[in-house]
Amino acid sequence: MGEYVIEMLNITKDFPGIRANDDITLRLRRGEIHALLGENGAGKSTLMSVLFGLYQPEGGVIKKDGDVVHIKDPNDANALHIGMVHQHFKLVEIFTVLENIILGVEPNKMGFLQKKEAHRRVVELSERYGLKIDPDALIEDISVGMQQRVEILKMLYRDNEILIFDEPTAVLTPQEIDELMGIMRSFAAEGKSILFITHKLNEIMAVADRCTVLRKGKCVGTVDVKDTDKVKLSRMMVGRDVDFIVEKDDAKPGKTVLEIKNLTVPSKAHKNNAVKNVSFNVRAGEIVCLAGIEGNGQTEFVYALTGLEKPSAGRITLKGEPIVQIGHKRGLQSSASLDKTKPILMPIRHRSKLGMSHIPEDRQKYGLVLDYSLEENLVLQRYWEPEFQNKGFIRKDQVREYADRLIRQYDIRSGQGPVTPARSMSGGNQQKAIVAREIDKNPELLVAVQPTRGLDVGAIEYIHHQLIAARDNGKAVLLVSLELDEVINVSDRILVMYEGEIVGAFDPKDITVQELGLYMAGAKRQSNESEAYSA
Amino acid sequence: MKLKQLFPRSRFQGAGFQSFLASAVSIGFGLVFGMILLVCFNISYSGQGFISLISAGFSSSDKFAKVLYQAAPLIMTGLSVGFAFQTGLFNIGATGQYTVGSAFALIGAIELQLPWYVCLLLAMVGGAIWGVFPGLFKALFNVHEVITSIMFNWIGVFSVNFVIVNLSQMLAKDWGLAQMDRTAPLDAANPSAILPKLGLDKLLGSNYMNIGIFIAILFAILMYIILSKTTFGYELKACGFNRNASEYAGVNSKRSIVFSMVIAGALSGLGGGLYYLAGTGQYSLLKALASMGFNGIPVALLASSNPLGTIFSALFISYIQVGGDSMQPEFVREIIDIIISVIIYLSAFSLLMRSVIAKWISPQKAVAEVEQALPDETAAENSTESEATTL
Ligand SMILES: Nc1ncnc2c1ncn2[C@@H]1O[C@H](COP(=O)(O)OP(=O)(O)O)[C@@H](O)[C@H]1O
Ligand SMILES: [Mg+2]
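Same order as they appear, the protein sequences are chains A and B.
Quick note on this note's numbering: the first sequence kicks off at 1 and runs consecutively.
Quick note on this note's numbering: the second sequence kicks off at 1 and runs consecutively.
A portion of the hints provided could be inaccurate.
Unchecked claim - Cut-off 25 Å, straight-line C-alpha distance, at most; resulting in silico cross-link-like pairs (DSS-like, lysine-lysine):
{"id": "1", "chain 1": "A", "residue 1": "K391", "chain 2": "B", "residue 2": "K173"}
{"id": "2", "chain 1": "A", "residue 1": "K310", "chain 2": "A", "residue 2": "K252"}
{"id": "3", "chain 1": "A", "residue 1": "K310", "chain 2": "B", "residue 2": "K229"}
{"id": "4", "chain 1": "B", "residue 1": "K229", "chain 2": "A", "residue 2": "K441"}
Said to hold, decoys possible - Among chain B residues calculated to face chain A with C-beta under 7 Å, some are:
{"id": "5", "residue": "W175"}
{"id": "6", "residue": "Q179"}
{"id": "7", "residue": "K229"}
{"id": "8", "residue": "T230"}
{"id": "9", "residue": "T231"}
{"id": "10", "residue": "N242"}
{"id": "11", "residue": "A245"}
{"id": "12", "residue": "Y248"}
{"id": "13", "residue": "A249"}
{"id": "14", "residue": "G250"}
{"id": "15", "residue": "G281"}
As the list claims (entries may be wrong) - Cβ pair distances, simulated, as ranges:
{"id": "16", "chain 1": "B", "residue 1": "I43", "chain 2": "A", "residue 2": "D65", "range": "55 to 61 Å"}
{"id": "17", "chain 1": "A", "residue 1": "D23", "chain 2": "B", "residue 2": "F141", "range": "52 to 58 Å"}
{"id": "18", "chain 1": "A", "residue 1": "E140", "chain 2": "B", "residue 2": "V118", "range": "37 to 43 Å"}
{"id": "19", "chain 1": "B", "residue 1": "Y45", "chain 2": "A", "residue 2": "G392", "range": "38 to 44 Å"}
For the record, the hints were derived by calculation from the structure and aren't laboratory data.
A virtual CB, placed ideally from N, CA and C, is assigned to each residue, including glycine.
Please take these sequences and the hints and turn them into a complete structure.
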């Protein structure tokens, strides 16, 4: 057997209006972790889908162990022991973990399902590799991290030897990322070969042996990771130098734009409140960052702020106007008469008109109508404005013009420009479309939840610049992020959320990543918090 | 398989031609299969039967008028089902809405002695009322519209029968006619409620001809405009495609769902009005659901839910039905129904055909070709490595 398990030679793949892979050659050694790096839309997922049999290339051949193979569908891939964890998971929500793992290869006796045997094997695999799962939980009830472990177990259950991970870390918390890195190393040590797509250069430096870089569908080259560094890799990928540290002046905060008082939001997952009595302000011309480990109430907080969920108590004002006001034992009764505390719950559209923009955490669930075209998505928040409609009729030419401008200005790449179905766009470009739409609305308050999740370093740099530009324009920015580097680099003020409470407020200049981590993990908290963050 | 996948919405221009082609090919398959069945059932008349099946609709102006006459309500129920699909709902309640619309129109015409245009409005109101319930249940309690629609279909039929029997002058016997189980014919009870014929009846020499088909086409165009040109349609479709995202964008999704069902109901109801106000049919007190409502489903399927396509698919299905009628007496009614159902059923496979056609249009290059074009391996290896080192 030769050095390479998989050779993809001169692969070319066309989509309507775009050549997603142009004469790409990639060779995977036995037992190596091979990273695949490239900007959003560079063609990484497409190349891996070709290997997994989801797409048939227009040109090129694939060899397994030196022999030419034809992979017509994922079943062929499976027979060749090739497995893939997709960027967007492919799980049946209403099935259990176990049912998802055995789906398609169900052990049976004369047509009757033999779940016991399967259960035993799944538990054994999960213990052997430290992939913690609950075989009987429903997919819709478990965290994204666990869903990913289910995807990995699916590959192991099928005895796959070539494992493709498409941006597995984009959806994980830092702790989960560390675990995954460890698991990947143990796979490689066992002789499994791994193809690993990521935008995070740190991860490549940490686990990969070699790295192939794609740019705009073409192969830039393959390098040994030990001979390269982050700066060189990002130059290969973007074609220019990238700043890792964002340049910005000190904030010049103006008057208060957003005021939150005693906000409490119930949790859907458990009986406790997800957000407990949180109060803080955001002023014009500053970026306030809500930092925390996933699942500490940030999601519910943002939903209550933006109107997607109803809080149980508290008061929120935007530009002095109450958008939420719900009775609270201590907070509100002081404001005298009863009819004054009549509950207020402003609809989302009104909040938006008042100047709120929201880059949502889940871009496919909330941010986009995937079956709409790019241009239809770009006006999702503004189609009702006179600029885009006349007496209820959509002004298509105006929409097109506007979409063309955003696509140019924000460098949103897609096959067919404004008429591209949003569903067919690469994940990063979907994200860019949302960011473009929300920032271009010119809001007074921009609520950005993980705006750079899944983006390449070039796009991250661009979005950070946009956030800072909005701030310098006198806008208030509330950034919710799990990325410590982003938190420290971009924000003017950091609030740490832990178990639904704000446990600390910091100036990013005065705190280190390590210390911030301690607050996020709940190991430390500021004593007189209420003083500290009312700023 | 999810319903959404069964009913693709022809969203992108390039797909338009493909879905037309797909429908045409499926119709072809349906006809071939129909022919085979004819041979099986009655070989000696099969050739003749097939010819009358596919040509009867054009054989005389009277038959042609009948095609148009039946197509009008079919367009409406097809629009109803298609509109609901486009906004993310499966309106299996079209038949109930059609029945209630028919009843409202007939009560207006016979009991209240109103003119035809008011009766048509009443038909829409009746259908809309029967659409609003499934809409409200879905919007407020997240009860699937298929379940409520099915229940409301039966509630509709029996309520209508009950009301008609208990009104003073609805039935034919109230007007001195012998029939027991039908509503009074309109030419006896209220000629002003019959849809105007504008001389078309004389032109085609058929009593079936009236302005109904034009009203239906008008509504098809109207629905097309609403769905593809207005902010209202944009909101409804956004809500159908992704309710979460539409809420995020500030659309009141509950209102959208109710609106969709009300409009779908009104369209079906109008279909009932158009059918019975033609003056040629009398509503009979059956304990069954009207097939006109269910036939809206294949009409919408065949048209990929496109309102303009609905006009043509309804005409086709009506044409085949008229053709089927003319195959009697050599073929019994039931066999004709089976053949027509098979044709309609296969026609609805247009989705399957579309993916096949998409493959024909952009064929993959033969693998052998690719292999030959493979360059020398070592050269490829060297070039990638050297490119890397220059960076
Ligand atoms: N199914 C598809 N249909 C049309 N275009 C597609 C499809 N999948 C991907 N593309 C386009 O191909 C290009 C490469 O996409 P992709 O491989 O997903 O990029 P990434 O490197 O971010 O994973 C993008 O421009 C994308 O819009
Ligand atoms: Mg990708």
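Okay, the hints, checked on the actual structure:
With a C-alpha separation of about 51 Å, the suggested pairing of K391/A with K173/B is violated against the 25 Å cut-off. Proximity of K310/A to K252/A is assessed by CA-CA distance (about 33 Å); at most 25 Å being required, the pair is judged violated. For the suggested pair K310/A and K229/B, the alpha carbons sit about 34 Å apart, so the restraint of at most 25 Å is broken. A distance of roughly 23 Å separates the Cα atoms of K229/B and K441/A; the hinted pair therefore holds under the 25 Å criterion.
A hinted interface residue such as W175/B counts as satisfied when its beta carbon comes closer than 7 Å to some beta carbon of chain A; here the least separation is about 46 Å, so the hint is violated. The interface hint given for Q179/B is violated, since its Cβ lies 48 Å from the closest Cβ of chain A, which is over the 7 Å cut-off. The closest approach between the C-beta of K229/B and any C-beta of chain A is roughly 5 Å, which is under the 7 Å cut-off, so the hint is satisfied. A cut of 7 Å between beta carbons decides the hint on T230/B: the least distance to chain A is about 5 Å, and the hint holds.
Given the 7 Å rule on beta carbons, the hint for T231/B holds: about 5 Å separates it from the nearest Cβ of chain A. For N242/B, the suggested interface contact is upheld, since its CB lies about 5 Å from the closest CB of chain A, less than 7 Å. A hinted interface residue such as A245/B counts as satisfied when its beta carbon comes closer than 7 Å to some beta carbon of chain A; here the least separation is about 5 Å, so the hint holds. A distance limit of 7 Å between C-beta atoms decides the matter here; for Y248/B the minimum to chain A is near 4 Å, and the interface restraint holds.
This hint holds: A249/B has a C-beta 5 Å from the nearest C-beta of chain A, less than the 7 Å allowed. For the restraint placing G250/B at the interface with chain A, the shortest Cβ-Cβ distance is roughly 3 Å, inside the 7 Å limit, so the hint holds. With its C-beta approaching chain A no nearer than about 37 Å, G281/B sits outside the 7 Å limit, and its interface hint is violated. In this structure the hint that I43/B and D65/A lie 55 to 61 Å apart at CB holds, the actual value being about 59 Å.
At about 56 Å, the beta-carbon gap between D23/A and F141/B stays in the expected band of 52 to 58 Å. Range check, E140/A to V118/B: about 51 Å between beta-carbon atoms, so the 37 to 43 Å window is missed. At roughly 56 Å, the beta-carbon separation of Y45/B and G392/A lies outside the given 38 to 44 Å, and the hint is violated.
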